[in-house]
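Using the sequences and the accompanying hints, generate a full structural model.
Below, each chain spelled out in residue letters.
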Amino acid sequence: MASLKALKVRITSVKSTQKITKAMKMVAAAKLRRAQMAAEAGRPYAERLDSVMASLASKVTVGPQSPKLLAGTGNDQVHLLVVATSERGLAGAFNTNIVRLARRTADTLIAEGKTVKFYLIGKKGRAVIQRLFPGKIVHQVDQSHIKNVAFADAHIVSEDLIERYAGGEFDVAHLFFSKFQSALVQEPTEIQIIPTPLTPRSGDQTAGASAAVEYEPDEEAILNELLPRNVSVQLFRAMLENAASEQGSRMTAMDNATRNAGEMINKLTVQYNRTRQAAITTELIEIIAGAEAL
Amino acid sequence: MADLHFELVTPERLLRSEDVYMVVVPGTEGDFGVLAGHAPYMSAVRPGELAIYSGPNTVTARIHVEGGFAEVNEKGLTVLAEQATDA
Chain A
1 MASLKALKVR ITSVKSTQKI TKAMKMVAAA KLRRAQMAAE AGRPYAERLD
51 SVMASLASKV TVGPQSPKLL AGTGNDQVHL LVVATSERGL AGAFNTNIVR
101 LARRTADTLI AEGKTVKFYL IGKKGRAVIQ RLFPGKIVHQ VDQSHIKNVA
151 FADAHIVSED LIERYAGGEF DVAHLFFSKF QSALVQEPTE IQIIPTPLTP
201 RSGDQTAGAS AAVEYEPDEE AILNELLPRN VSVQLFRAML ENAASEQGSR
251 MTAMDNATRN AGEMINKLTV QYNRTRQAAI TTELIEIIAG AEAL
Chain B
1 MADLHFELVT PERLLRSEDV YMVVVPGTEG DFGVLAGHAP YMSAVRPGEL
51 AIYSGPNTVT ARIHVEGGFA EVNEKGLTVL AEQATDA
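If you read the protein sequences in the order shown, they are chains A and B. By my numbering, the letter at position 50 of the first sequence is numbered 50, and the numbering carries on one by one without gaps. By my numbering, the letter at position 69 of the second sequence is numbered 69, and the numbering carries on one by one without gaps.
Hints are computed from structural coordinates only; laboratory data are not their basis. Please read all numbers here as calculations on a predicted model, not as lab measurements. There could be a bad hint or two in this list.
[As the list claims (entries may be wrong)] Simulated coverage check for chain B against chain A, where a stretch passes if three residues somewhere in it have a Cβ under 8 Å from a Cβ of chain A:
| no. | segment |
| --- | --- |
| 1 | 6-15 |
| 2 | 18-30 |
| 3 | 40-52 |
| 4 | 69-82 |
No residue lacks a Cβ here, since even glycine has one placed at the ideal position from N, Cα and C.
So this is what it looks like as structure tokens:
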């Protein structure tokens, strides 16, 4: 049985771990609120842009003369998987879930005989992907210096992606991130960002939108400007959702850790008290036995 | 005459959502004013000043926008700006 001293040391160490996890939980909760607000504030723009894209989709027919971002390169060989993870760990299964989804997609694509490349945002997915798909990582965006994601950050990434796309580095890009639903539920999500999937809106709204809309300068020009912006916005949205998900996930994980530490402290304390009593009893027996012997 | 519903959105947040009399938007092909009941219209926006009118001759706010799009539909005017700051 562990000695009294050893037990005491363990209790102290678990207590200080609990203090840390508790603090991390509180920090995550505070950050979550801010990240959630940012994610919600970013939604109207994305929604409006979606509806603009949808109404354009019903106007423009995709042909060989359409911009490449819309029509694709005509190939379907090289797939780029843009995996957005966090910069910090200790966030429960947050990064694991995203990477797992990306891995599943990568495996399917490879089984189909396609080439897969990885483009990482955030460093936490790197180790696993490097191990599973060695040499497939083309670039990693470092975001460790960014505290609150700004649109400009997403814009830089999207410009880089579009440049690579124009340079023929890949044909299709998928984006992986974690959609924020609540502090408890984050859903790893995959969307195709390049070429832009245009889905004409269904139902009655299409009828209203396809009424004679005047375009200035013209559909083409607007589309040409809109497509790169759409990529930026999708990335930005993914980053915001990810930031909120990360904090939510961390909060839950740290809450669990705090509770576990509490349970452990209770168990150790009981053990400590028993050991202490046993020691006292033994001592008493020795004294009494000694007194009787006299 | 009914008011025009005007929304100004940036990627970071919804900046304005209000009913106004008229908005003058700096389009790439020239400035254009939007009143209520404007025909469906869509234009790219150049960096410039956007003016919000609460009455025929009263400008309530001028906002500097940094490129983007303006869409007019039956619901009103929506400006999707890359960046917007009060001028």
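Structure-based check of all given hints:
Coverage of the segment 6-15 of chain B by chain A holds [criterion: at least 3 residues with CB-CB distance below 8 Å; count 7]. Proximity of the segment 18-30 of chain B to chain A, defined as three or more residues with a beta carbon under 8 Å from a beta carbon of that chain, is established by the 3 residues found. Residues of the segment 40-52 of chain B lying with their CB closer than 8 Å to a CB of chain A number 5, which satisfies the three-residue condition for coverage. Requiring three or more residues with a Cβ within less than 8 Å of a Cβ of chain A, the coverage given for the segment 69-82 of chain B holds, as 7 such residues are present.
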